[in-house]
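*Asks:* If you want the building blocks of each chain, they are given just below.
Number of protein chains: 2
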Amino acid sequence: MEAFLLSEWLLRAFLVPADGPVYLRLYKLICRAILEGHLSAGTRLPSTRDLAAELGIARNTVLQVYDQLAEEGYVRAGVGRGTYVEDISQELPGALERPVAAVRADEHAPPSLELSRRGQALLAHLGFSNLQAGAFMPGVPDVREFPLKVWMRIQNRLWRTGPWDLMRYAPAGGYGPLRQSIADYLGSVRSVRGSAKQVVMTTGIHQAVDVTVRLLCDPGDTVWVEEPAYWGVRNLVASAGLKVVPVRVDDEGISPDGDSHRQPPRLIVVAPSHQYPLGMVMSLARRRMLLDYARQTSCWILEDDYDSEFRYGTRPLSSLQGMDESGRVIYAGSFSKTLYPGLRVGFLVAPPALAPAFADAVAELYREGNMVNHAVLDEFLREGHMGSHIRRVRRRYAERRDCLIEAIHRHFGDTLEVVGGDAGLHLVLALPEGVDDEVVVRNALQEGVISRPLSTYYLDRAHARSGLLLGYAGVTPDEIRPAFDVLARVIGRYLQSSHSKGGRHDDTRRTGT
Amino acid sequence: MEAFLLSEWLLRAFLVPADGPVYLRLYKLICRAILEGHLSAGTRLPSTRDLAAELGIARNTVLQVYDQLAEEGYVRAGVGRGTYVEDISQELPGALERPVAAVRADEHAPPSLELSRRGQALLAHLGFSNLQAGAFMPGVPDVREFPLKVWMRIQNRLWRTGPWDLMRYAPAGGYGPLRQSIADYLGSVRSVRGSAKQVVMTTGIHQAVDVTVRLLCDPGDTVWVEEPAYWGVRNLVASAGLKVVPVRVDDEGISPDGDSHRQPPRLIVVAPSHQYPLGMVMSLARRRMLLDYARQTSCWILEDDYDSEFRYGTRPLSSLQGMDESGRVIYAGSFSKTLYPGLRVGFLVAPPALAPAFADAVAELYREGNMVNHAVLDEFLREGHMGSHIRRVRRRYAERRDCLIEAIHRHFGDTLEVVGGDAGLHLVLALPEGVDDEVVVRNALQEGVISRPLSTYYLDRAHARSGLLLGYAGVTPDEIRPAFDVLARVIGRYLQSSHSKGGRHDDTRRTGT
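Residue numbers (numbering that gives the first Met the number 0), protein chains in the order written: chain A, 0 to 512; chain B, 0 to 512.
Capping the alpha-carbon separation at 35 Å, the derived lysine-lysine pairs in DSBU-like fashion look like this:
#	chain 1	residue 1	chain 2	residue 2
1	A	K336	B	K336
2	B	K148	A	K148
3	A	K336	A	K196
4	B	K242	B	K196
5	B	K196	A	K242
6	A	K196	A	K148
7	B	K242	B	K336
8	B	K336	A	K148
9	A	K196	B	K242
10	B	K196	B	K148
11	B	K148	B	K336
12	B	K336	A	K196
13	B	K196	A	K336
14	A	K242	A	K336
15	B	K148	A	K336
16	A	K242	B	K242
17	A	K27	B	K196
18	A	K196	B	K27
19	B	K336	A	K27
20	A	K242	A	K196
21	B	K336	B	K196
22	A	K148	A	K336
23	B	K27	A	K336
Just so you know, the hints here were simulated from the structure itself, not pulled from any lab data.
Isolated chain A (complex conformation) (with noise of 0.2 Å):
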């Protein structure tokens, strides 16, 4: 409780009406609030004049009260520096009654959880990690390389000028020359055709995805995603009231068969640019077919391009979106992976048509601001520090890429596939089918080793494959070295007891344990 939670506090607590003097009541509240740790250590209370005409009671009342404290040990008073509540938590509490409210808040029956079907799936497939550094952590790039004295620079600036007009709600679309710069470098750079009437700001992927499947998809609806893919798109579209149908890939990326067509979508999620968390790059062809399907079935198409900025010695194809003839496809990207996670700049471009709509929707259902943070950035982009920072990082991540390869060679040689090192910020390490990828992941947790067990990235776990995901972005060679020592003696462990139990755990797991 601040100083001035306490005014409104006694301010109510003096409206209940009570006997004796008013000194000893205020004495009384402020003792109950310090030993109750409503007040907590260090917190200044307020002055005297200020309480006095809050409470509308004489100012040496006040004073005599908090000169008892003093006296007390309650608080301690430094001339002219206000009045700071003691450390009393070596004393013992329960000096006074604790207050009915919170007695009966402790004895609350738990109410049993009575969740939606729909909520319930979604804790019971939960994809977060409260993780969020340290080897392997896949998906997070080295927020220490931020270039923060920029930043600081461009914002202090902002800030000096009073910017009133953008510390409201966002207007539809977001901030109008931040939607522009991004137009700009999504054409140049991702070869992504759109005005920036088409661009419409997001907080990231997870709200690009989420408004989508709104306004193009009703309850009951079919989804294709890949087979495997980022849990946050599943989870996502499973919780809008959708039906998931997963579609598995292959080395060209998406690859519907008959089944999949048996359940025609009205949406197909995918990552054409970088398939998470496989890594695979779509291949012309298929991105010709699904092109033709969507302009055939009039489905739409959803294009997750959350990391393509990151791509070492691989020349980049161009967006879905750039060969996209019909306007059915939904561009989406973020800058978390570019700048920092906990920015939540993101973005998404919509067919001409549809722009208006997905403006509006956004604006409708999250009520965004931010754009504060939108004109720093729109100036950082401006000022051309975007691509120094990105060619910056580009480079020491492919020098952590290439320490983890070589320890991984170093460790097994060829016996266990690296899949899709070409680019972003994590690798898969392939494990033998016969290895429990989550029991590898939980027991190299224990030693301290972060990584996440790739089958848990398919929604049909009983055909899915062993694997390692493994982030490098976020951690030095220095750290990658000794952290892949550790794992590698806990994958170890798994390798040989796999050769030695050989096909029965795989046979196991096909038919769907």
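Based on these hints, arrange chain B on the given structure of chain A.
*Replies:* Then chain B, alone, in the frame of chain A:
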């Protein structure tokens, strides 16, 4: 297009086999980029050294090209200060043919607008406005009163430390210290009961509503929403696939009748502290009734407490959550009105048994971050700035409210009722039943005065009250008086015509035209 994007773009262009000397190809490509507006005036080109390295060509070649571009007026070069694109907007464009891709984009046949049913419903009932400032935009605070200097000081102190861990994705529940500060704040100011573990950070009321309906309701479930209500709630609920049942409010708040009870809800959304938009406080009896009903029927209550900090003269009632003995209430609030809307920091307080589910669901669905702002806000609260800020703006808003009420009385005496002027950032000026508030709003807007029509906040428009929502918090008395003079003139025109037309217009409305 920035300089670095130019390098990328040129790199790709160079991959396409073509005849002619490198020098000429590079020259033509940069010309085209400038003429087509991809490189706007003032853009800095990459250094000759960088570009030569990127493209794998001789630096001299790049120097030659830059020189010729400078001679022809496309760019200007300052010694040691880089090469910048000139403003050629006065020149004739079209000297070079537009690239194939751009032409194709223009020729797109717009796809038929195949939105989902829920998407169409959302767009048919848009509530948000791109107008966010000026007399009398309701629901917005005066961002100019935000204590910018204090905030910047805390922000810079934090940024200078390199707050890397705050730049990552947020853990479940959000930034821990802020959750504690908010639990303390709510406990004392709003009698909300709950530990930091029950506080889940959100981006505002919209996200709180969204996660609640997903976690607790399945498509097809019924949700009671106050009639009238904030548009955001209704649209979010409908967009989640749920059935909205409007329940009329009377002077004591939400007032379910036989009709409502025939459609028992899974969730009830209310704003008991300050109904939106009518402004009444829910009575104690009604609160008890609602809590009993929720306990007996095992439905949930979402308490939207969006602006209860702003009370003028009236005493606050404690929160509904604070009276809840059965753990059926989810409490939601935000800093949009107390600090600034674009900040996008809000919170919910879940019953203990549900809190982990809410924390996980927010992390899973929205992949939030924004912890740098969370840490600044936490310091802001702990240093006690919130109290002085709220006290200061509350005084200011009270003056503005008085000024607006005075203007209303000056123009209309007691003929038009003022509703809900005791608290919040707006009041409702009731209009006689014959007056179409949407027409008044449109006409006032043409004369530069913003207001919002009360009738549009009703789901059942045939039984809606006519009136104007007038926000006073964001405008000074000097802006309020002349703006209301204009508004009064517009209202006056319709008051006369309503008198002359009598009840006819009224009947039309009531039968649902």
